[in-house]
Amino acid sequence: MSKTRHVVARVDDVPPGTRKKIAVAGRDIALFNLGGAFFALGDKCPHESGSLCAGKVVGLAEADEPGRYRLSRDGEFVKCSWHGWEFGIRTGQSWCDPANTRARAYEAGVERGAALVKGPYVADTFPVAVEQDYIVIDL
Amino acid sequence: MAQGAETTVVRAGDGASVFGSPAVDCDAHIVVPSIKAIMPYLDAYWRQQFLNRGIDKLSWSLTSEAPNAPISGRPDWRPAQGKPGTDLAMLRAAVLDGFGVQTAIATCLWGGAVLHSEDMSAVVCAAVNDWIAAEWLDKEPRLRASIVLPLGNPDLAAEEIERRAGDRRFVSATMLVAGETPLGKRHNWPIFRAAEKHGMPVAVHAGSAYHHPMMANGYGSYFLEDYVAQAFAFESATLSLVSEGVFAKFPNLKIVFQESGVTWLPACLWRFNKTWRGVRAEVPWVKRPPKDIVRDHIRLTTQPFDEPDGARRLERFCEMLDSDRMLLFSTDYPHWHYEGTDALPLDPASPLARRVLRDNAMETYPRLTEATP
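Chains A and B, in that order, give the protein sequences. The opening residue of the first sequence carries number 5 in this note's numbering; numbering runs sequentially from there. The opening residue of the second sequence carries number 4 in this note's numbering; numbering runs sequentially from there.
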């Protein structure tokens, strides 16, 4: 099945460290900017469909033994806004149950407006200008 | 290690039990009849102290094992004289011969383990372990025992494990489920460290030091409440052991819950797993779902087994826990949970029976696989 390229936001709309909830072809998607790279997860926790976009963005809490706390990969995980389940923003993979629980992940990227206007693309909500950078999602 | 020695090796659980296959009893009680019984095992200082202070006249029965409560002694397992559990001949007849178990692991619950005086507790626990070796283990080769520990001071308790570890007939060390602190607290880690080092599981038996109420927000009024609430204490112990990271710190440690009632565990673990997923960053050393950790490290003896009459839910329990390795047969002699030899909450023809009756015990207590002395 061929995918359609959707232009979902201007890069300036989602600065590093922020996220934005968008609607694409009838689906709610949580769009994250991790240090300039964009990642898109279905905004629906696989547990009970809570919003991931409304959740806290956190690092990975780890310990080699009791009492030895450390935080790594800060900003790379989101906790569901309902029950706090953690998902890797890059992959949608659940930390607690990687084998069976995964948030839907979509390919997200950045395209220059000049490239996009050659098409094909879908931009429902705003016009695409040649001189701007845009976040695109394929689905 | 005597492994590989060319002797006639009698291993625990050889020979068929009344259930048709070999069995190990992982919780049979032996009881200190009176303080006088341990006086010969005290040194001169303590013997004189006990006489001068009148301590030799005390009972030191644990309140949570009240000798006159019906549950503490089945009518046919009460000796003509003295407390249930004090008579070696009756233990032989009821458990070793009566059930045909090849080996029984003796649990000695005793007030000496929970004295407020840490030194006195250490001294009397050492004395009672000497008494167990001399009065029980030396006289009955099918018997093994769990070390009695001075629980108020885990450093002294660990010393007692070290002192006793050379006697391979001591196969575990006993704690109470409701002691000074939640079981998994680092305060107790010297005990876990010593037990792991010597290849012994820690047996956690129902019972309280009564330094805290059995119910979380205060003392109830009746034995009824206290006895039923022991199961809640086992839930607390499960939470504490996993959350405090005992099994992360001591990866080879096994804990045996004795007289827990067993069937509270699945619901506890569903709640534990579910909540862990939301807040697991608090306890990052808990790297797997609590249920998986419990499955690997906690074992439970089968009497009492809380279920509707005759329901035989043991198979269900194993399905819910995804494990046939967790349950260890026990008679809980002389406690009154069943009549006759109806101690196995399982069809003896079930493929699970062999595991529950013997194999799980052999995996849990490494010392049981050694040749008898």
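Treat each hint with caution, since some may be false.
Stated by the list, open to error - DSBU-like, lysine-lysine: derived pairs with alpha carbons at most 30 Å apart:
1) A/K24 <-> B/K200
2) A/K60 <-> B/K39
3) B/K277 <-> A/K48
Claimed, not checked - One side of the interface only, derived from the structure: several residues of chain A facing chain B at Cβ under 10 Å:
4) E66
5) D68
6) R108
Stated by the list, open to error - Here's a subset of chain A near chain B, in silico, CB distances under 7 Å, partners left out:
7) A65
8) H87
9) G88
These are computed hints drawn from the structure, not numbers from a lab. Model, not experiment: these values are computed from the prediction. From the three backbone atoms N, C-alpha and C, an ideal C-beta is built for every residue, glycine too.
Satisfaction of hint between B/K39 and A/K60, Cα-Cα up to 30 Å: 65 Å, violated
Agreement of B/K277 and A/K48 with the hint, judged by alpha carbon distance not exceeding 30 Å: With Cα atoms ~18 Å apart, B/K277 and A/K48 stay inside 30 Å; holds.
Hinted contact A/E66 with chain B - closest CB pair below 10 Å: 5 Å, holds
Hint check: 7 Å Cβ-Cβ cutoff, A/H87 to chain B: 5 Å, holds
Interface hint compliance - A/A65 to chain B, C-beta minimum distance less than 7 Å: 4 Å, holds
Restraint outcome when A/G88 is required to lie within 7 Å of chain B by C-beta distance: Cβ of A/G88 sits 3 Å from chain B, so the hint holds.
Hinted contact A/D68 with chain B - closest CB pair below 10 Å: At 8 Å from the nearest chain B Cβ, A/D68 passes the 10 Å test, so the hint holds.
Straight-line alpha-carbon gap A/K24 to B/K200, limit 30 Å: Distance ~54 Å between A/K24 and B/K200 Cα, so the pair is violated.
Minimum beta-carbon distance criterion (10 Å), A/R108 to chain B: Violated. Min distance 19 Å.
Of the hints listed earlier, those the structure fails to meet are numbers 1, 2, 6, in rising order.
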